[in-house]
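**Student:** Could you build the full structure based on these sequences and the hints that come with them?
Protein chains: 2
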Amino acid sequence: MFRLALTRLVSTTRISVQSSKVLINYSRCFLRNHSSELNDIKQQPTKIPLASIHQGEASKRMGIQFRCKVCDHTLQKTFTRQSYEHGVVIIRCDSCSNLHLIADNLGWFKDITQNGKFKNIAQMLQAKGETIHRITAVPTDDQSTLEEKTATDKMSTAVCTRLNEIHIEFVLNDHDTFLFDCDGVLWCAPVVLPGAIELLNLLTQLGKRVLFVTNNSLKTQRGFSQWLNEIGYPAKPEQVISTAWITAKYLKSINYKGHCYCIGMESMVEELAREGFHISDGIGPDPVSPETDWIETNTIKFDDQINCVISAFDIHVNYLKIIKAATYLSRPNVLFIATNDDVTTPQNDVAILPGEGTILASIVAASGRSPTILGKPRAPMFDSIRLAFPDVKPNRTIMIGDRLETDILFGNRQGLTTLLVFSGATSEKKLDTVKQSAEKTASDRDLLPKYCIKDVQHLLELIITQTKPSS
Amino acid sequence: MFRLALTRLVSTTRISVQSSKVLINYSRCFLRNHSSELNDIKQQPTKIPLASIHQGEASKRMGIQFRCKVCDHTLQKTFTRQSYEHGVVIIRCDSCSNLHLIADNLGWFKDITQNGKFKNIAQMLQAKGETIHRITAVPTDDQSTLEEKTATDKMSTAVCTRLNEIHIEFVLNDHDTFLFDCDGVLWCAPVVLPGAIELLNLLTQLGKRVLFVTNNSLKTQRGFSQWLNEIGYPAKPEQVISTAWITAKYLKSINYKGHCYCIGMESMVEELAREGFHISDGIGPDPVSPETDWIETNTIKFDDQINCVISAFDIHVNYLKIIKAATYLSRPNVLFIATNDDVTTPQNDVAILPGEGTILASIVAASGRSPTILGKPRAPMFDSIRLAFPDVKPNRTIMIGDRLETDILFGNRQGLTTLLVFSGATSEKKLDTVKQSAEKTASDRDLLPKYCIKDVQHLLELIITQTKPSS
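First to last, the protein sequences are chains C and S. Start counting the first sequence at 1; every next residue gets the next number (the working numbering). Start counting the second sequence at 1001; every next residue gets the next number (the working numbering).
Keep in mind the hints are simulated off the structure, nothing from the lab. Think of the CB as a built atom: it goes at the ideal place given N, C-alpha and C, for glycine as much as any other residue. Treat the hints with care, as some may be off.
[Claimed, not checked] Calculated lysine to any residue pairs in the SDA-like style (CA-CA distance at most 20 Å, straight line):
| no. | chain 1 | residue 1 | chain 2 | residue 2 |
| --- | --- | --- | --- | --- |
| 1 | S | Lys1301 | C | Val350 |
| 2 | S | Lys1128 | S | Val1159 |
| 3 | S | Lys1430 | C | Ser330 |
[To be verified] Residues from chain S that face chain C, not an exhaustive set, calculated with beta carbons under 8 Å:
| no. | residue |
| --- | --- |
| 4 | Thr1297 |
| 5 | Asn1298 |
| 6 | Val1350 |
[Unchecked claim] What follows is a set of in silico ranges between Cβ atoms, one per label pair, in the way DEER data are often shown:
| no. | chain 1 | residue 1 | chain 2 | residue 2 | range |
| --- | --- | --- | --- | --- | --- |
| 7 | S | Ser1437 | C | Leu99 | 56 to 66 Å |
| 8 | S | Gly1258 | C | Val350 | 12 to 22 Å |
| 9 | S | Gln1466 | C | Pro287 | 53 to 63 Å |
| 10 | S | Pro1190 | C | Lys430 | 51 to 61 Å |
| 11 | C | Ala379 | S | Gly1258 | 45 to 55 Å |
| 12 | C | Asp293 | S | Leu1206 | 31 to 41 Å |
**Tutor:** Here you go:
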């Protein structure tokens, strides 16, 4: 079977024409982290001289540049418009000899072209929800390139396509690992959302790896998987990727020695203890006497073995805990780790429940220190997943979440496919607002998902339709 | 008596020379807020065409531009180098007819020139701690101006001059109002610093207005003045400008109606009550049960009459208080006020004591709202002083403090003279570091004081020497 792999199609024109139309087309699945991608470009410039194709042939030839999905080699090839529009175009990778199907107007490869439904790579990518950009380039006598345009267009590959029955085939075929955010996606605590358990079970039956990726540090692997079992999904503890767990993994990965001061709850104690780390203070209530109007600092006990301050979610956080955290952080070489920096937790109609990020804001202000943040959208979350499951590949992983600033940003930064559900923190209206601002602000583009869908019930139905045996 | 008033002296040269030396000199006391000053320039361009002076006379003439201290009119005049260097130069204001002494080489005005010690305005300003800039301007055929150079040089008028017996005369003559920060200046709580009480009493005897300007919201006018009386200075309550007091004044000035939610201490209740405002919740302990590991939001009581959230210093701040503040702030049209945003309080060797700014950081993160901040270095602090004492003039007011980011920045922004003492938060080494960074970063220049001195004891000694009758 041929692997489809294309980043852009370039249609060149005679250089005597002042401006030429250039068709650019992307496969999002090639795109890793935008910034690293741009670095790659910098290191290995991939210039397509618009005016360098033999002039007499210019109107009859087309150009393509793409990265081979098998060996990661970048290819630049040209071919005739005649064969692209009426025949078959296959390109062999210079590096690994893999064959890539670019066009098939003759119906030779029906397993790839959905029984001849798609004639070329542009149509196939369009069906997967990619946008086709027609751009204008001005041919010149010197080596004009598409580099800048490439950088800009990469940003716009996340197009918030509404997931439908055509895309779902690609989603299932192209992904082995399904990462689920939990609250707002699978449930709105304590209510499990319709279709959630059925979806998890179906994906597992289909041989997909299902992982629960949550910034909630109140959850331990053990307790959380137990609860999933109770509600009908036979989860194993290792399927739970919580910030309590990755904190322990992170400390282990840096070979940390010493005690920890942790503003957090009991879950942190349990996960850190499993990796041999000791939290000597900070968990649970540490009350300030209601009678006092000043804190006598010489009555506070400090542990000299503490070389690490961890900021996690804690409903017992108070002024005394911030004093202790800031004081430990004023010592030389004391590590500063935060589970995440979400400023809100899933909301209800009665009150705003501040998230771990609001506690972290206090400690940062008091200490003047910057923490290493582990949870979504930061990289350590995905590093931990890859450490636990070395065969996880970013381009075959999909992140399903309800928050643009954590789930979707995390997925985009790590080069995953992203799917937003509207059952949680993000309404369709909010997504529209971010889409509009992303047109002006490049950094907002990373907040946009590749796909979106109403909820997991709709996702379940699409998968059922796709996977049921055809009559 | 003539009033001295000068902003710059310009020495022009023949235009046939490619570059000419231009002497620029400032009197800091003319400078208000930098930004408003720059706006003034924009509205009323004060261009000195370097090449417009009669060419044959260029080498023999000098130019001056200054703002009349009496009527605020801007004057531009030229005079001969001969009279500036060997005779007497007096300029009459075009607007108010006031006379300004520019040079006196003949000893006619000994009361102004310290018995003939100073020959001209440049020497007099230098003695006051101003720097003399020799700049290079390139004369051209068109109307070249000094505007840009002026803007840059205004930034560098704060020069951290070490206060000595020459400057002290100007400090005493030019200032009616002395604003004192307290902790780190007059005392390092609970120890009153040597010379502090004597200094306050001496200034009062000399007819100066002494005000205590503190971001500490734990202090009420009544309690604080009482304490000052106990340690030997007969303060009246109205001399105390604390953030608790200005919060009440601010609410009154905007004609606020409704209850307040205030994260703060009892001092806030007392000051707000004096102006008729009611804090219905937030003061004192509001404990989270030590038994619980979650907060049931439907058990929290909210007051529908609260239309204002105030963030002040509070040792009883906890997660529940942040929930309440953030929830009130999610309501439409609820005001958000903060007493100040200092992230630390005066420190001791045992522990870091986080300041009100660390509590504020939490509320801002949880609510996504930006507060109106009242304390130093913000303008409302000075607005309140002027409301209480309408005759206070910025150019006759000196701010004495120990913190660059609050006291000195506040003074510079409000157009006050600034004096830093090294007895508190700022060491000489830290000042040097900020001076270095100010050379690169324009915004840091506002952190630099005009004068500095070791402590109030040294200030007291200088004033005693200056004011004792000469034998």
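**Student:** Taking the CB of serine 1437(S) and the CB of leucine 99(C), does the distance hold inside 56 to 66 Å?
**Tutor:** Since serine 1437(S) and leucine 99(C) have Cβ atoms about 60 Å apart, the given range 56 to 66 Å holds.
**Student:** Do the alpha carbons of lysine 1128(S) and valine 1159(S) lie within 20 Å of each other, as the hint requires?
**Tutor:** This hinted pair holds, its Cα atoms lying about 11 Å apart.
**Student:** Would the hint on threonine 1297(S) stand, with a C-beta cut-off of 8 Å toward chain C?
**Tutor:** 4 Å, holds
**Student:** Is the hinted pair lysine 1301(S) and valine 350(C) satisfied, with a Cα-Cα distance of at most 20 Å?
**Tutor:** 10 Å, holds
**Student:** Between aspartate 293(C) and leucine 1206(S), is the Cβ distance one that fits in 31 to 41 Å?
**Tutor:** 37 Å Cβ-Cβ, so the 31 to 41 Å window holds.
**Student:** CB of proline 1190(S) to CB of lysine 430(C), is that within 51 to 61 Å?
**Tutor:** 53 Å, holds
**Student:** Does the interface hint hold: is asparagine 1298(S) within less than 8 Å of chain C, judged Cβ to Cβ?
**Tutor:** Where the cut-off is 8 Å and the nearest Cβ of chain C is about 6 Å from asparagine 1298(S), the hint holds.
**Student:** Hint check: lysine 1430(S) vs serine 330(C), CA-CA at most 20 Å. Holds or violated?
**Tutor:** Holds - the C-alpha atoms of serine 330(C) and lysine 1430(S) are around 17 Å apart, at most 20 Å.
**Student:** I want to verify a distance hint. Is the separation of the beta carbons of glycine 1258(S) and valine 350(C) within 12 to 22 Å?
**Tutor:** Holds, at about 21 Å.
**Student:** I want to verify a distance hint. Is the separation of the beta carbons of alanine 379(C) and glycine 1258(S) within 45 to 55 Å?
**Tutor:** About 46 Å separates the Cβ atoms of alanine 379(C) and glycine 1258(S), which means 45 to 55 Å holds.
**Student:** A range of 53 to 63 Å was offered for this pair. Does it hold for the Cβ distance of glutamine 1466(S) and proline 287(C)?
**Tutor:** 54 Å, holds
**Student:** Quick one, is the valine 1350(S) hint okay against chain C at 8 Å, beta carbons?
**Tutor:** Hint holds; valine 1350(S) Cβ to chain C Cβ min 4 Å, cut 8 Å.
Checked against the numbered hints given earlier, the structure satisfies every one of them.
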